[in-house]
Amino acid sequence: MASLLQNSPAQSVSRSKSNSLKFLIGGMILLGVIGFVAVNSFQANTVYYYTLSELSAQRAQLSGQTVRVSAPLDKASIQNDQKNLVLQFNLVEGDQVLPVVYRGVAPDTMSNGESVVAEGKLDANGVFQADSILVKCPSKYEKSAVQ
Amino acid sequence: MGNFGSLTIPQIAEVGNLALALGLAVSVYVVFAAVFSQLKRRGEFFASARYGIYVITGLTTLAVAILEWALLTHQFRFEYVANHVSSDQPLLYTISALWGGQEGSLLFWVWLLALFGAVVLIQHLGQTNHLIPWVIAFIAFTDAFFFSLLVFISSPFALLAQTPVDGIGLNPLLQDPGMFIHPVTQYLGYVGFTVPFAFAMAALVTGDLGYAWIRTTRRWALFAWLFLSLGLLFGMRWAYVELGWGGYWGWDPVENAALIPWLTGAAYLHSVMIQEKRGMLKVWNLVLILLTFLLSILGTFITRSGVIQSVHAFGVSSMGPLFLAYIAAVLIVFAYLLYLRLDQLKEENRLDSMWSREATFLLNNLILLGAAVATLWGTIFPMISELLAGKQITVAAPFFNQVNGPILLALVLLMGVCTLIGWRRASPQHLVRNFVPPLVVAAITTLGSVVSGVRDVYGLIAFAASAFVLTTILLEFYRGARARMRMYQENVAVAPVQLVNKNRRRYGGYIVHIGVMLAAIGIVGSTFLQTSVQKNVAPGESVALGPYTMQFQKLFMTSESNAQVIAADLIVFENGNRIDTLRPQKAYYPAADQMTTEVAVRTTLREDLYVILAGWNDDGSATLKVIINPLVVWLWIGFIVFIIGALIAMLPDPREAQAVERVRAEKVLAGAIVQ
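Chains D and P are the protein sequences, given in the same order. Residue numbers for the first sequence follow the numbering used here, beginning at 1407 and rising by one. Residue numbers for the second sequence follow the numbering used here, beginning at 844 and rising by one.
It is worth saying that the hints were derived from the structure and are not from the lab. These numbers come from a predicted model, not from an experiment.
Taking lysine-lysine and the BS3-like style, the derived pairs with C-alpha atoms no more than 30 Å apart in a straight line are:
(1) 1120(P) <-> 1345(P)
(2) 1489(D) <-> 1397(P)
(3) 1481(D) <-> 1234(P)
(4) 1527(D) <-> 1489(D)
(5) 1542(D) <-> 1234(P)
(6) 1189(P) <-> 1428(D)
(7) 1542(D) <-> 1527(D)
(8) 1489(D) <-> 1542(D)
(9) 1378(P) <-> 1397(P)
(10) 1489(D) <-> 1378(P)
(11) 1527(D) <-> 1481(D)
(12) 1234(P) <-> 1527(D)
(13) 1120(P) <-> 1428(D)
(14) 1527(D) <-> 1378(P)
(15) 1481(D) <-> 1542(D)
(16) 1120(P) <-> 1189(P)
(17) 1481(D) <-> 1378(P)
(18) 1378(P) <-> 1542(D)
Given the sequences, and given the hints that come with them, work out the whole structure.
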């Protein structure tokens, strides 16, 4: 066997040491790559929450950016066009009103929702185009999400 | 069902509370008695500590019996019953309401742990194992922690001032057979890791840091990990059929909380083999079981404390500080003991070669841990940010996909490479000979995928990798079986069975790997190749997607015991031939004032046809969402194969005893003789 020749004790120890070193370096590189991917992706996928007043105050900077807004739901404003799957409603906070449009299947809990977390972008007309909405209900179980 | 005689409801609640308070007191006693018995060499204290464990088991069983009785007999005076049961609720979900809420599930946790403590004692009955007193002390310490949550923060036996006419009932979303079993399996997994960790702590305290504690708890660790896997399976299956958005995994914090200890547990199960065979990685294994245990506790905390809003959480409670205090206490004691024992934890061997199975195991550990850390970071960063900076943020699902996608691909490839490489050192010729057939199959698979219309680069890479790995594992079985046929003159049917039977751990492990590969194929197919369409249809009109055409017949309403159901009748055609009828539904639960979506799924080995009734209109038209999820059934098949493999690996192994002997012999000869 080839390995027989290499197995004199002295050689074996120095070989093991260099192997440990190699493995250490390899491991560091691997973790470094994972870390690099993670940090990059993390920055791209971190979404901030805004209140309605923050959103309107920073409208210029935020328009076009993906943000989350969390605010009470005006139930009377809900318009659910089931045929075209367009859901429209207003979020209301103090004197601030934010119209939201969501294209997709309305969450089952929409009609008894108390507040809504909407993720999406503010368009040029000040309408929030939501990619996903999350309804919070007053019941004990508080979430129902749609993507 | 218990018969509690002529006791009034408040008296029964008092009995329940008393059982919990006594449980706390006895747990504290057991901790001190067990520790004292060892420090002062007083055997009689150990005997009383053992009885204490049985008493705790009795007390928790009594508390569980009282709560289950109250649920089954609709004692709505109990706040927990009123909140989780309604009189029209099916029996199955009345039973499962025990673990459907915060207080009940914490009681369930401590009950399981108490049972496990008793099982550990019974397993070692009549043996003198000097680890056991410390194991018991740690289990009782953890019992005490959960008892104090129940006694001081949220009692399952709290009473309402008046008895309501009816209860609110279990959340309709949880009224699904999958949700009956998912929490049970998840908890068995979470709680199960307490046992190996208790043995690790005992090993640290006693200084008996060889392979004994790992060998003793090998099956416990596998058991816990198996049940975590089952928890994931039932949770994903539930999300797939009940939540109605066409997927099974959304990187929700509670999903992550279940996945992270699963990842570290997988790392642990692999790295202990290195300690067994080569006497290496001793500190690493201790740290891995610590992480797995604490992440299980963290998982319980995240799901049950309300710190993150989700269907699993039950409103914010004040448990946070207690959980953190418990975790901190365990960490400090562990770190101190590890520091004391550091010089006893020297490695007995060094890594021989980068091209050895040990090296692939180390790599596997780094990758699994990398995935665990990244997922944990994305999960708890929002909490930390809100706590420290007061800024609310979320980490979106693409983060988890972008980070874990490549990591898991690397893990899959490693699974193949590892199978091809022997222990200690592999020769280049050997490697080339082993790598060629799987590479050929991978190339053919890639070609086949392209021809059958797969254009997604990630999908192609993943399919090629899966084919490569599956071939390596199947070749391993083929070679082993062929050798047996030659050596023992066994026939084609007997040889593979005997191969597995004679080395259950090894081939059980390979079967687990096959399961993971099949699941990976399902995940890749449904992630990269999913297609969908949404359409509003009047009766008689159709929706088409891929080879399928669904003709909408009519809407109709029916009633179930506790719900009103609206359903759409669809006739399904495939390439013009009528193949099936589907009936997607929505159900309205008046008691909870909640609507749930009941999807209709037609499963074949090739793809799932997944139909959602998204809405309906007064003119009788329905809005349908149709999704084709290619290959998704292989995810579930993979899980089943996986579970079979894990069970085989748990069976008593005739080679285990031999292996122990061999390791001893090898240690003596190490360095002098080449394998």
